[in-house]
Amino acid sequence: MSMTTPLAGYLLVAALLFAIGLGGALARRNAIVVLIGIELMLNAANLNLIAFWRYGPHPEALTGMMFAIFSIAVAAAEAAVGLGLVIAIHRHTNTTELDKIDRMKG
Amino acid sequence: MNAMFYLLAAITLAGGLATVLLKHLVHSALAVTVAFAGLALMFLQLDAQFAGFAQILVYIGAVAILIVFAILLTRGADLPKHGVFSRTWPLGLVIAAGVFAVLGWAVISSAGAIPQQNASPSVTVHDIGIALVGRYVLPLEILALLLTAATIGAVIVAMHEKERPGS
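Chains A and B are the protein sequences, given in the same order. Quick note on numbering that gives the first Met the number 0: the first sequence kicks off at 0 and runs consecutively. Quick note on numbering that gives the first Met the number 0: the second sequence kicks off at 0 and runs consecutively.
Simulated from the structure, these hints should not be mistaken for laboratory data. Take the hints with a grain of salt, since some may be wrong.
Said to hold, decoys possible - Using 30 angstroms as the maximum straight-line C-alpha spacing, the simulated DSBU-like pairs for lysine-lysine come out as follows: (1) A:K99 x B:K22; (2) A:K104 x B:K80; (3) B:K22 x A:K104.
Said to hold, decoys possible - Stretch-level coverage of chain B by chain A, calculated; a stretch enters the list once three of its residues show a Cβ under 8 angstroms from a Cβ in chain A: (4) 7-18; (5) 81-95.
As the list claims (entries may be wrong) - Residues from chain B shown here face chain A by an in silico Cβ test under 10 angstroms; the list is partial: (6) A2; (7) V31; (8) F42; (9) D46; (10) S109; (11) N117; (12) S121; (13) V132; (14) L146.
Just so it is clear, the structure is predicted and the values come from calculations on it, not from any experiment. Every residue gets a Cβ at the ideal spot worked out from N, C-alpha and C, and that includes glycine.
This is chain A alone, in the form it adopts within the complex (with noise of 0.2 angstroms):
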């Protein structure tokens, strides 16, 4: 029924990879997987904002063009630190398996 718009397709696809990205950065024990599973959120938020865009009814506007485009930058950011702290965290314990890393349970 509602397949037949283009806009709700992508949103569902956007809405199926945030869920397998959610999914991957609870389930899995590696942080680097953990970190992979919310760049595969962002990216789907970022879907998002491109599909609102172009089937919104103000395009020239360029307003989710420029948050997907600012999006992409801060996670670019956020994935430079992120790496960089599990290295850091693998050179102190000498693991990235997060069950193994509780040093700071009470």
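Model the placement of chain B on the given structure of chain A, informed by the hints.
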């Protein structure tokens, strides 16, 4: 909804699923690159050329390489002994399925209110550049500051610390 959309959606979602499910981290990194490429092609399909090429440059060119570097620097290529999924993975699966159910229900139930502009927008890179130095100049400057801070911060965080005496 044409065949191209279904093909790109299948590539992207298969890449995402493979990322989450594959055991070897290097395979995960390759699969996530496929998902990024599928998304970039979807952006091109949505007439967002600039965002599509930015996606290719930033994600495939930079983030995927960073991920591979991090995997190799942390010796993540070795398989862990106790499996790749954490103890609480069924809970994570339930939460992800619940989030998808809510999002999918929201999209399908609001199908009547979803905007439907079918004319392809004619936005050039020139327009985007003018908007970036015009209306969006303050966010652009803040973003430049953020990227500088993040670059310096990432280097400092990952830099090798010298052993302090007494510690």
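Practice problem: Would you mind confirming whether the straight-line C-alpha gap from K104 of chain A to K80 of chain B stays at or under 30 angstroms? | Solution: Holds - the C-alpha atoms of K80 of chain B and K104 of chain A are around 23 angstroms apart, at most 30 angstroms.
Practice problem: Mind checking the alpha carbons of K22 of chain B and K104 of chain A for me, to see if they're no more than 30 angstroms apart? | Solution: holds (28 angstroms)
Quiz item: In terms of beta carbon proximity below 8 angstroms, does the segment 81-95 of chain B have 3 or more residues touching chain A?
Solution: holds (count 13)
Quiz prompt | Supplied contact hint for A2 of chain B, tested at 10 angstroms Cβ to chain A | solution = violated (12 angstroms)
Self-check item: Proposed proximity, K22 of chain B with K99 of chain A (alpha carbon, max 30 angstroms)
Solution: Holds, at roughly 18 angstroms.
Self-check item: Given coverage of the segment 7-18 of chain B by chain A, tested with a Cβ cutoff of 8 angstroms and a minimum of 3 residues
Solution: holds (count 6)
Self-check item: Agreement of hint V31 of chain B with chain A interface, Cβ distance less than 10 angstroms
Solution: holds (5 angstroms)
Quiz item: At a threshold of 10 angstroms, is the proposed contact between L146 of chain B and chain A supported by beta-carbon distances?
Solution: This interface hint holds because 5 angstroms falls under the 10 angstroms limit.
Quiz item: Per the CB criterion, is S109 of chain B less than 10 angstroms away from chain A?
Solution: Constraint on S109 of chain B satisfied, holds at 9 angstroms.
Quiz prompt | Restraint outcome when F42 of chain B is required to lie within 10 angstroms of chain A by C-beta distance | solution = This hint holds: F42 of chain B lies near chain A, its Cβ roughly 5 angstroms from the closest one there, short of 10 angstroms.
Practice problem: Return the status of the interface hint for N117 of chain B: holds when the least beta-carbon distance to chain A is below 10 angstroms, violated otherwise. | Solution: holds (8 angstroms)
Quiz prompt | Interface hint compliance - V132 of chain B to chain A, C-beta minimum distance less than 10 angstroms | solution = Hint on V132 of chain B: violated, closest Cβ of chain A at ~12 angstroms, above 10 angstroms.
Comparing the model with each numbered hint stated earlier shows that hints 6 and 13 do not hold.
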